[in-house]
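S.K.: Single-letter residue listing:
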Amino acid sequence: MVGWAIAVHGGAGVDPNLPAERQEQAKQLLTRCLNLGIAALRSSVPAIDVVELVVRELETDPFFNSGRGSALTENGTVEMEASIMDGPGRRCGAVSGLTTVKNPVSLARLVMDKSPHSYLAFSGAENFAKQMGVDRVDNDYFITQDNVEMLKLAKEAGSIVFDYRIPKVCGTGVQSPIHMNGLPISIYAPETVGCVVVDNEGRCAAATSTGGLLNKRMGRIGDSPLIGAGTYACDVCGVSCTGEGEAIIRGTLAREVAAVMEYKGLQLQEAVDFVIKERLDDGKAGLIAVSKTGEVAYGFNCVGMFRGCATENGFMEVGIWG
Amino acid sequence: MGWAIALHGGAGDIAVNIPAERREPREAALRRILQIGVSALNAKCSPLDVVELVACELENCPHFNAGKGSVLTTNGTVEMEACIMDGNSKRCGAVSGVTTVVNPISLARQVMEKTPHIYLAFDGAESFARQQGLKTEDPSHFITPENIERLKQAKEANRVQQDYTQPIKPQVDPDGDSKLGTVGCVAVDGLGNLAAATSTGGLVNKMAGRIGDTPIVGAGTYANKLCAVSATGRGEAIMRDTVAREVAAVMEYKGLGLKEAATYVVHEVAPKGTTGVVAVSATGEIAMPFNTLGMFRASATEEGFMEVAIWSSESE
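Protein chains in written order, with this note's numbering: chain F, 1 to 322; chain G, 1 to 316.
Just chain F, with the same shape it has in the complex (with noise of 0.2 angstroms):
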């Protein structure tokens, strides 16, 4: 038996001047959303089904760019995508291209264990979705107000950016903005939430979900629903990652944390550490993990990453900067 631990996030990569209240709302969900974990496991519920809850809860809430309130593709609809994965047996389902399924993660669970496969995407999701009966509806659900105008000031930035090709570094010493995946970071909506949890059996799970880039091409897949980038779990270790998808896909992230630890015998923080500073060259990302042993740690290296974690112990922590 081992002590429970579990961690959330909503997204690396946050604009140092947002405002306090979206801060603070910002943390209440965070809360609310460990809390909601936290319940699970005091009722030993396995931790597959505990990341699932947990992530469903973050999707359904609009705050985060998932399910509900996902950043918007350039043709202003919804496309959303999903993996979860549990460590023992390491099985694993993925999905991307969602319009109208209400909870993603949930399908991802559904294909992991209704179907012969370990990824579904776009129409052929859709059909199992409506094959499964999850909950469905109009793509229109998942827009928020927030997210049309976040993607106006996209593609404004779109081409500001192209016409005036600003240097990263200027003779004048003028500082170019803080950019995130091509955005300047006051318009960047951090994607994706996630998961990880260990239960007092010591299985791990993890599990990942996204609307995506802000402003992307119709059919871009992210790292989230990629086993072994976006989202990993195995014998040892949950983890779920954030942040520049190019960097965290080129650089396997999640199955390296795994990876190191076994290779290396690393310990779950220095895992982390040594996968955040080694292993994204020039990218920006963050990631969320736990171990087997009841551990729980985060790392990143870009401007903030909206966390919170908590432990059987009693630990908890809820935060948005480094």
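Do not take every clue at face value.
[Claimed, not checked] List time: in silico DSSO-like cross-link candidates among lysine-lysine, alpha-carbon distance up to 30 angstroms:
no.	chain 1	residue 1	chain 2	residue 2
1	F	Lys277	G	Lys90
2	G	Lys254	F	Lys277
3	G	Lys272	G	Lys152
4	F	Lys27	F	Lys102
5	F	Lys152	G	Lys114
6	F	Lys277	G	Lys114
7	F	Lys264	G	Lys225
8	F	Lys277	G	Lys225
9	F	Lys264	G	Lys90
10	G	Lys114	G	Lys225
11	F	Lys130	G	Lys155
12	G	Lys155	G	Lys272
13	G	Lys272	F	Lys264
14	G	Lys152	F	Lys130
15	G	Lys152	F	Lys114
16	G	Lys254	F	Lys264
17	G	Lys44	G	Lys114
18	F	Lys114	G	Lys155
19	G	Lys254	G	Lys90
20	G	Lys114	F	Lys155
21	F	Lys102	F	Lys155
Bear in mind the hints are in silico, worked out from the structure with no lab data behind them.
Chain F is already provided as a structure; the job is to place chain G on it using the hints.
M.R.: Frame of chain F, contents of chain G only:
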């Protein structure tokens, strides 16, 4: 050190008594396409160009499960996916759900080089292909009679399994079962630059929208400064084992050589009957282990070594 190249046309339960008319065209194709890769390396083409070129040839060849000759989804359609990765920069490109693009691997390369993204799928990938002016054909172009037959057999087998609820005995398909197929190529030049490419029609009778390991960086395809890897076999297993990345990780973190690392991953990590891999290292080594009955494969080095094979040889 000279260049080295390895390519595969799929791992699977390829019966040793496969009829000559099934075996010979594939062996001949592997030999011909290997030579194309060899000539390109001799002409000092970059490994990235070489793996793309070779993968295109394998896609165009109707005998392998990629491009034309792809296996069919449960709806009788073709949905292709591919992935390419450059070892030095670790830049990559991937596509899924491609239905009209003649060379999915080239589309993957365009995603890598012409977009800020890594992975485009389905309608988004198709419309990007049109924007880029890539060659497209009617979806029927990719469908071959052999694959219509394979789909029929697969559906029949499913029906039998469901009716009789007996333990499923792996049937050795005398056709050279391309249920576990894919094509791929890895190459390294004399300076240690590495690249990998993989392309496939996926799993026969797959659900529409099913994505396998091929386009998942770290699962079916991977390249960094140490090695380049392309995997083939049961996609769901390769994905959960992050096979391609694992070979590189074991080299990096355990200090194993390429052959040891690839053998370890295929024979100790991956479940039997699911996985084959071709890999080259920055120092010009080649490894092609598989835990299925066979794997269509070919390899060559600048020193003049050349091999085309299907089943095990002493070196494995």
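S.K.: Compare the structure with the hints numbered earlier in the document and write down the numbers of the violated ones, lowest to highest.
M.R.: none
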